[in-house]
Amino acid sequence: MESLTFDLERTTVRELNQFLHKPANELEGLKLTVAAPNGAHNLAVGVDAPVQVTIAGHAGYYAGGMNQHATIEIDGSAGTGVAENMMSGKVHVKGFASNGAGASAHGGLLVIDGDAGLRCGISLKGGDIVVGGSVGSFSAFMAQAGRMVICGDAGDALGDSLYEAVLYVRGEVKSLGADAQYEPMAQADLDAVRALLAAAGMDHDPASFKRIASARTLYHWNADANQEY
Amino acid sequence: MEAKRVHFARLQQEESQGYDRKTIDYIHSAAQRGLYEIRGLGAKRRVPHFDDLLFLGASLSRYPLEGYREKCTTQTVLGTRFAKKPVVLDIPITIAGMSFGALSANVKEALGQAATAMGTSTTTGDGGMTQEERRSSKTLVYQCLPSRYGFNPDDVRRADAIEIVIGQGAKPGGGGMLLGQKVNPRVASMRTLPAGVDQRSASRHPDWTGPDDLTIKIQELREITDWEKPIYVKVGATRTFNDVKLAVHAGADVVVIDGMQGGTAATQTCFIENVGIPTLAAVRQAVDALEDLNMKGQVQLIVSGGIRTGADVAKALALGADAVAIGQGMLMALGCNSDTYFQNGALHSAAADYAALNTSPGFCHHCHTGKCPVGVTTQDAVLEQRVQAEEGSRRVRNYLKTLNMELTTIARACGKQNVHHLEPEDLVALTVEAAAMARVPLAGTSWIPGWNT
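Sequences listed follow chains A and B, in order.
Residues in the first sequence are numbered consecutively from 17, following this note's numbering.
Residues in the second sequence are numbered consecutively from 145, following this note's numbering.
These are computed hints drawn from the structure, not numbers from a lab.
Keep in mind that the hints are not guaranteed to be accurate.
To be verified - Some, not all, of what chain B presents toward chain A, calculated at C-beta under 8 Å:
#1 Ile171
#2 Asn296
#3 Thr336
#4 Ser504
Fair warning: this is a prediction, and the values are worked out from it, not measured in the lab.
Where a beta carbon is used, it is the ideal one built from N, C-alpha and C, also for glycine.
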């Protein structure tokens with residue numbers, strides 16, 4: 017399998033992304049390492065090919081943004097909006113992730129080994145997110161579809177205004193957001209958590225997770241609610 | 145028996161200014177329902193507008209062009225700052241962003257066909273890009289909205305420009321709204337929502353907050369599109385001077401300013417009528433901001449919100465806009481608020497359907513109900529057939545053609561061979577308010593309030 021290194025001390029993010037936008041059949045199977053990323057923004061964004069990208073260090077905002085088919089590993093921490101609007105493929109953050117991780121992701125799998133900041137999984141639209149650590153407040157805000165597995169704790173207002181996304185939390189939840197509710201874990205939930213943990217390379221008992229989903233009371237206007245959710 | 149004398153009969157019928165019948169209705173309705181009114185279209189209140197400006201045509205001190213013969217250029221180029229492939233339009237009149245969901249697929253297709261025929265652009269909306277729209281539009285601007293409904297990299301790459309929507313004139317600071325009756329299975333699936341929910345979009349983008357983040361977000365979109373496509377930033381008109389400066393600083397190629405008269409498919413009436421500033425006031429502030437940054441000509445300005453006529457277009461351009469965007473006017477061209485709709489080769493009365501909404505042509509603002517009597521703002525399988533793409537496209541084309549003819553008529557009369565040469569010096573104001581907002585003199589004087597005495 018061909019492998020290639022882009023050293024960002026000697027080349028630019030522009031050249032890296034331009035290279036990664038080559039036709040998928042030219043990139044297929046390629047292993048690419050981004051050396052000296054030093055927190056650069058917009059690394060490996062808009063990739064649409066089954067390549068393997070390793071970012072050897074910390075990434076800035078939007079690493080792996082809008083990813084399709086690629087497997088992107090960040091051997092460090094990631095800034096705001098890692099894997100935002102991902103469609104497919106996998107983004108794996110070995111360190112911590114900042115705010116809005118996996119925002120509006122339509123598909124694919126985002127794995128964060130450490131903690132994630134505020135609004136992790138906001139507006140999620142079908143993607144899966146597994147967080148090894150804890151997530152900040154307003155995570156899964158307005159999440160529409162997809163699943164989030166949180167192995168640590170969650171901050172305030174988890175799952176506020178949820179639609180059809182489902183959340184699984186192992187640790188403490190500081191507070192649930194409007195319209196989010198605990199629900200019993202069914203066999204399908206246990207299977208889902210087990211599979212997601214396996215895909216993320218994490219090992220926990222699925223039965224130790226709680227399920228959170230939408231109570232669906234905000235789906236329709238309700239004059240009596242006074243809009244004070 | 146002697147009839148009882150009525151003293152001061154007219155005084156007994158005096159309507160209060162503050163508590164007129166409309167206000168009394170509002171209070172009665174609030175008291176009954178406990179819920180604010182939601183409606184479509186834009187602000188109905190009178191605000192200073194382009195109607196309050198007049199052109200100074202050529203005379204002895206200026207030399208006109210032959211109105212019917214001499215060439216008057218209308219070509220408009222947008223996105224010259226950073227984009228490798230700027231948008232080149234034949235006319236400076238574009239079609240504003242309106243969602244599939246708010247509008248039917250037929251309407252989106254008609255708008256695309258008409259825009260293509262007239263060499264201009266059309267714009268997606270809060271609900272993603274439809275195939276019909278992409279197919280029919282030569283130049284399609286793809287909106288990146290807070291909700292990100294249906295937003296995906298394939299469509300980003302298929303688009304001719306990207307418009308990051310911070311807000312719209314009808315509701316700056318508010319998110320979109322699409323009531324359940326319009327969220328049919330196709331709309332729901334494009335937005336990843338359960339069918340029939342009252343969809344209330346976010347008002348903030350999920351992955352950035354503030355102008356510094358926006359800079360990086362714009363760079364991300366440029367990287368994804370290999371710096372080919374212009375990036376527009378659309379802002380609802382409020383603190384326009386500062387907002388335009390921040391948008392330019394964040395790296396926008398084009399800034400779109402939408403004044404408070406801009407339309408909506410569904411918003412709270414109190415929001416539509418009371419938040420934002422008039423388009424007229426916003427244009428001046430936007431141009432000031434560009435001039436302050438020495439960016440006039442490098443960053444293009446698109447103005448929208450209540451642009452109806454070729455004269456409105458000419459006035460916006462004279463004040464410094466590079467192009468305008470029209471939403472409501474396009475819907476009206478398609479039949480919005482018309483007595484009739486055109487189907488199977490004949491005109492049919494829509495009177496009964498207006499009556500069912502307790503309204504009549506000329507007053508209807510029921511876009512939010514999805515029961516548009518003329519089939520423009522609906523997802524209803526029967527109603528949406530009242531706009532056919534071919535006839536709709538013909539009407540929108542004619543409307544655009546008329547606007548452009550009016551624009552060039554005025555430009556020629558002002559002695560301009562290029563509509564972009566219209567300038568504030570060609571304008572005077574009819575009212576003190578308009579003079580102050582547009583910073584042009586009150587007609588017949590050299591007085592600009594706040595600037596000279």
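Hint check:
For Ile171/B, the interface hint is violated, since its Cβ never comes within 8 Å of a Cβ in chain A; the closest pair sits about 16 Å apart. The closest approach between the C-beta of Asn296/B and any C-beta of chain A is roughly 6 Å, which is under the 8 Å cut-off, so the hint is satisfied. For Thr336/B, the interface hint holds, the least distance from its beta-carbon to any beta-carbon of chain A being 4 Å, beneath 8 Å. A distance limit of 8 Å between C-beta atoms decides the matter here; for Ser504/B the minimum to chain A is near 26 Å, and the interface restraint is violated.
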